[in-house]
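Protein sequences, first through last, are from chains A and B. When the letters of the first sequence are read in order and numbered with full-length UniProt numbering, they come out as residues 1 to 507. When the letters of the second sequence are read in order and numbered with full-length UniProt numbering, they come out as residues 1 to 507.
Check each hint, because a few of them may be wrong.
Since the list gives no way to pick out one identical chain from another, each pair is judged satisfied if it fits inside one copy or across any two copies.
[As the list claims (entries may be wrong)] Straight line, CA to CA, 20 Å or less: simulated SDA-like cross-link-like pairs of lysine to any residue:
(1) K340 - E229
(2) K372 - S450
(3) K371 - L414
(4) K354 - S395
(5) K486 - P193
(6) K315 - N347
(7) K115 - R82
(8) K340 - E186
(9) K340 - N455
(10) K354 - E186
Read the hints as simulated data drawn from the structure, not as lab findings.
Protein chains: 2
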Amino acid sequence: MLNRVRSAVAHLVSSGGSSPPRPKSPDLTNATSAPLAAAPETPKSPPARPGSGSGASAKTVEARASFSRPTFLQLSPGGLRRADDHAGRAVQSPPDRGRRLPWSTGYAEVINAGKSRHNEDQACCEVVYVEGRRSVTGAPREPNQDQGLCFYYWGLFDGHAGGGAAEMASRLLHRHIREQLKDLVEILQDPSPPPLCLPCTSGTPDSSDSSHLIGPQSCWSSQKEVTHESLVVGAIENAFQLMDEQMARERERRGHQVEGGCCALVVVYLLGKVYVANAGDSRAIIVRNGEIIPMSREFTPETERQRLQLLGFLKPELLGGEFTHLEFPRRVQPKELGQKMLYRDQNMTGWAYKKIELEDLRFPLVCGEGKKARVMATIGVTRGLGDHNLKVCSSTLPIKPFLSCFPEVRVYDLTQYEHCPDDVLVLGTDGLWDVTSDCEVAATVDRVLSAYEPNDPSRYTALAQALVLGARGTPRDRGWRLPNNKLGSGDDISVFVIPLGGPGSYS
Amino acid sequence: MLNRVRSAVAHLVSSGGSSPPRPKSPDLTNATSAPLAAAPETPKSPPARPGSGSGASAKTVEARASFSRPTFLQLSPGGLRRADDHAGRAVQSPPDRGRRLPWSTGYAEVINAGKSRHNEDQACCEVVYVEGRRSVTGAPREPNQDQGLCFYYWGLFDGHAGGGAAEMASRLLHRHIREQLKDLVEILQDPSPPPLCLPCTSGTPDSSDSSHLIGPQSCWSSQKEVTHESLVVGAIENAFQLMDEQMARERERRGHQVEGGCCALVVVYLLGKVYVANAGDSRAIIVRNGEIIPMSREFTPETERQRLQLLGFLKPELLGGEFTHLEFPRRVQPKELGQKMLYRDQNMTGWAYKKIELEDLRFPLVCGEGKKARVMATIGVTRGLGDHNLKVCSSTLPIKPFLSCFPEVRVYDLTQYEHCPDDVLVLGTDGLWDVTSDCEVAATVDRVLSAYEPNDPSRYTALAQALVLGARGTPRDRGWRLPNNKLGSGDDISVFVIPLGGPGSYS
């Protein structure tokens with residue numbers, strides 16, 4: 001087994017050795033990137049159209065069956081081919097003419113330098129209308145009340161081991177969020193605190209009396225106050241889980257068409273607040289008056305080491321007798337048995353020496369550093385959607401139990417600050433952040449936006465393009481190079497620039 | 001079972017209802033506070049004496065068998081009685097004459113207002129010499145090399161359900177740290193990076209060649225760099241665990257004498273760096289030039305909810321069929337079966353509605369809010385030492401599996417900033433922080449220290465006394481009151497004030 005995993009690691013290391021992008025799975029097959037041509041839900045609706053109920057034409061679905069890009073790019077067959085060209089790596093943005101993205105959002109993307117056949121990033125930008133379900137609190141409806149809610153939605157999905165999961169998530173995750181919010185429409189529009197308990201039947205005479213919803217004071221001294229905001233957070237969290245479960249079902253039903261997994265970085269704007277939900281290694285920052293406000297953190301084998309080790313410790317059967325939950329600073333050699341080596345377990349942030357025993361020779365659950373860190377020698381991100389069939393290389397040991405589909409959600413209250421047109425929320429897949437620091441992004445924000453009139457809505461697209469170009473670099477000797485001659489990102493790169501005080505339509 | 005736990009909660013709520021202090025266990029018996037009159041290790045040595053090898057006299061041990069306070073208070077039998085007086089609640093500090101605490105550390109404490117028979121806080125302040133073990137790296141020793149290391153040590157221990165655990169930790173934890181550091185003396189004094197692997201035998205000819213310690217480059221692309229600092233962190237972490245294991249053994253052997261548990265907040269100063277290790281709800285802050293730098297965080301059922309819920313989810317047998325790992329904002333009533341109630345599971349930070357099922361009627365693993373939050377309706381802190389025999393009230397269900405003995409360690413580099421005599425590290429048990437904010441502490445630091453000459457070493461004791469007095473208040477109508485007429489802390493209160501740039505002896 002050791003040799004088997006070793007070769008898997010050797011494969012990973014050598015394939016990722018010459019360029020920064022991280023191979024997230026050993027099986028980077030291209031055959032699995034076909035989208036779901038016949039998903040039960042309708043495909044993603046055109047941008048900026050509330051409701052997202054209608055679908056694209058059958059022709060569009062067919063065209064996307066071989067290679068799909070976000071519909072808001074409005075790519076012609078020729079444009080689609082150019083977007084798929086690893087040699088040219090042309091930056092793609094929505095056309096300058098015609099309908100803009102909501103809030104005049106800027107978007108740009110570029111395909112990888114050959115890492116995978118197609119661009120495995122996907123993106124989505126929608127305005128979603130949520131119609132409330134029947135009165136959930138049992139209160140009688142007023143006419144003109146409960147008109148439903150609108151939320152603005154942006155999503156970046158960075159696929160690995162095929163584009164199926166990213167494609168599926170880009171078409172469906174916002175619908176899961178909508179479904180979760182349907183029960184909350186009435187509650188979110190009511191300024192009083194959310195009811196802790198809802199009646200099981202609505203419309204019956206006694207259920208309009210909300211006093212019984214609380215029930216008699218229990219033995220607890222008090223009840224917790226739950227905010228509207230935390231209901232939206234809970235709705236997004238559960239939507240991620242339901243999306244993940246749907247992927248598992250689809251995979252059962254349709255096999256390789258939904259192979260792979262994806263990181264998901266999602267923004268929801270609802271009732272004055274921006275919710276940023278991240279599961280994976282994409283990143284979101286706000287640049288406000290030059291200041292950087294982190295809106296996400298990355299979930300990797302290094303940042304989630306203790307969670308992974310705890311799971312391996314509590315459920316050793318998940319390690320299959322092949323892995324140890326302990327971390328060592330390098331691989332233990334059989335001849336070192338009986339010597340003392342540094343280690344960390346699930347409880348430690350520091351290191352200590354331990355005498356090496358036979359089971360320490362097993363491959364460590366978490367190994368490697370930085371972009372080469374891996375869970376079970378296989379995957380470099382620890383949260384995301386999909387990956388239901390991901391196995392340790394040449395083994396039947398499943399990796400999914402160690403991955404979490406739950407995002408961390410951060411909330412930013414847009415009403416607490418008077419934003420100017422230069423204040424933006426920047427979302428990027430790791431292709432951007434692998435070679436660009438937060439400060440460099442902030443500098444580019446300043447440089448590009450100051451070259452445009454504040455009310456020019458094309459400035460955010462120009463900024464997204466500048467960020468993608470800056471991370472891609474230009475083709476020079478031995479690969480794509482940045483101006484400082486360092487390697488540019490050979491990964492897929494996708495960027496949203498969301499203006500927080502610009503000429504958006506969110507007033 | 002439900003009624004059983006309910007009455008436990010009712011008991012807790014009513015006993016803690018009139019004053020802020022949190023009862024950490026339902027069994028606040030005083031019979032268990034007897035110290036370890038005949039511990040295998042020698043009792044705590046006098047303050048500021050390197051080595052801590054010799055013990056107190058048999059007479060001292062006898063005197064402490066009924067009620068013990070830190071030896072550095074140098075209390076006479078009469079002083080001991082006054083310190084034990086709940087009515088007067090006299091503030092105790094080391095005598096102004098004679099040997100000062102290291103670094104001119106200030107200390108003050110006061111007993112509770114009647115919550116328990118004796119003061120269940122304990123404190124320790126030591127200078128500890130660590131003699132290195134035989135050359136661990138196998139390198140031949142130079143004469144005058146490996147002279148050993150000194151560390152400065154401060155510890156606050158807040159006992160619950162008896163004073164035995166706090167007493168034992170105050171006498172022994174620094175020795176466990178010393179034991180852990182013994183293997184590191186040579187390594188910490190060597191400026192080169194720590195060896196990742198040590199030979200099993202030392203002094204053999206080939207072991208002086210350190211190249212073989214690293215071993216051949218494995219299939220990993222690199223090895224992790226481990227810092228000296230992270231070795232000290234690891235040593236402290238493991239010392240906490242060994243202390244906890246020793247308590248378990250002693251309890252097996254000696255029963256009620258080591259009953260109970262304690263929070264532990266410990267500071268180690270070693271080689272220019274301050275390590276603050278916290279397991280429990282005590283708190284440490286640095287006040288530097290008026291600025292507040294948090295040096296710890298509290299571990300409670302609220303802050304550790306997701307860790308506790310995950311454990312209950314992964315190991316449902318620990319819930320004994322009596323508890324549910326889900327959290328609800330209030331107790332679910334049987335008549336609410338089938339209705340929808342807000343809940344959170346181990347993955348969620350937000351709330352969502354779920355249909356109430358039969359097993360949701362079980363008592364929640366985590367319930368209550370603020371100072372009344374509890375694990376299994378029993379204990380209000382989730383990290384600390386001891387509690388090996390703590391059971392759910394009127395049940396055999398053990399609570400220890402949910403408690404962690406591991407501290408969070410934060411490191412502060414004392415050499416990175418030129419400290420002035422007014423810069424201090426303040427440690428306090430929750431008796432201080434329950435009624436005093438960080439800002440109020442900073443204001444008291446400024447007020448008291450500015451009233452003394454910068455080189456007056458008694459200023460730090462005066463500050464510790466002012467902080468304790470400010471949290472205790474004065475006896476007025478219905479209890480101890482603060483100047484704003486709010487209730488003062490009825491809990492034991494203990495405070496260390498450690499000057500970071502004062503007239504200390506650490507140059």
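>> Please sort K371 with L414 into within, between, both or neither, judging by C-alpha distance up to 20 Å.
In response: neither (34 Å within a copy, 32 Å between copies)
>> Regarding K354 and E186, is the shortest C-alpha distance of 20 Å or less found within a copy, between copies, in both, or in neither?
In response: between (58 Å within a copy, 17 Å between copies)
>> Within, between, both or neither: how does the pair K340, N455 come out at a Cα-Cα threshold of 20 Å?
In response: For K340 and N455, the Cα distance exceeds 20 Å both inside one copy (65 Å) and across copies (48 Å).
> Given identical chains, is K354 near S395, meaning Cα to Cα at most 20 Å, within a copy, between copies, both, or neither?
Replying inline: For K354 and S395, the Cα distance exceeds 20 Å both inside one copy (29 Å) and across copies (38 Å).
>> At most 20 Å between alpha carbons: which applies to K340 and E186, within, between, both or neither?
In response: between (62 Å within a copy, 15 Å between copies)
> Quick one: K340 to E229, C-alpha cut-off 20 Å, is that within a copy, between copies, both, or neither?
Replying inline: between (51 Å within a copy, 19 Å between copies)
>> With identical chains, the pair K115 and R82 could be close in the same copy or across copies; at 20 Å between alpha carbons, which is it: within, between, both, or neither?
In response: within (17 Å within a copy, 76 Å between copies)
> 20 Å Cα cut-off: does K372 pair with S450 within a copy, between copies, both or neither?
Replying inline: neither (38 Å within a copy, 53 Å between copies)
> When no copy is named, should K315 and N347 be tagged within, between, both, or neither for a Cα gap of at most 20 Å?
Replying inline: Both, since 16 Å and 18 Å are each at most 20 Å.
> Given a CA cutoff of 20 Å, do K486 and P193 count as a within-copy pair, a between-copy pair, both, or neither?
Replying inline: neither (54 Å within a copy, 29 Å between copies)
When the structure is compared with the earlier hints, violations turn up for hints 2, 3, 4, 5, 9 and for no others.
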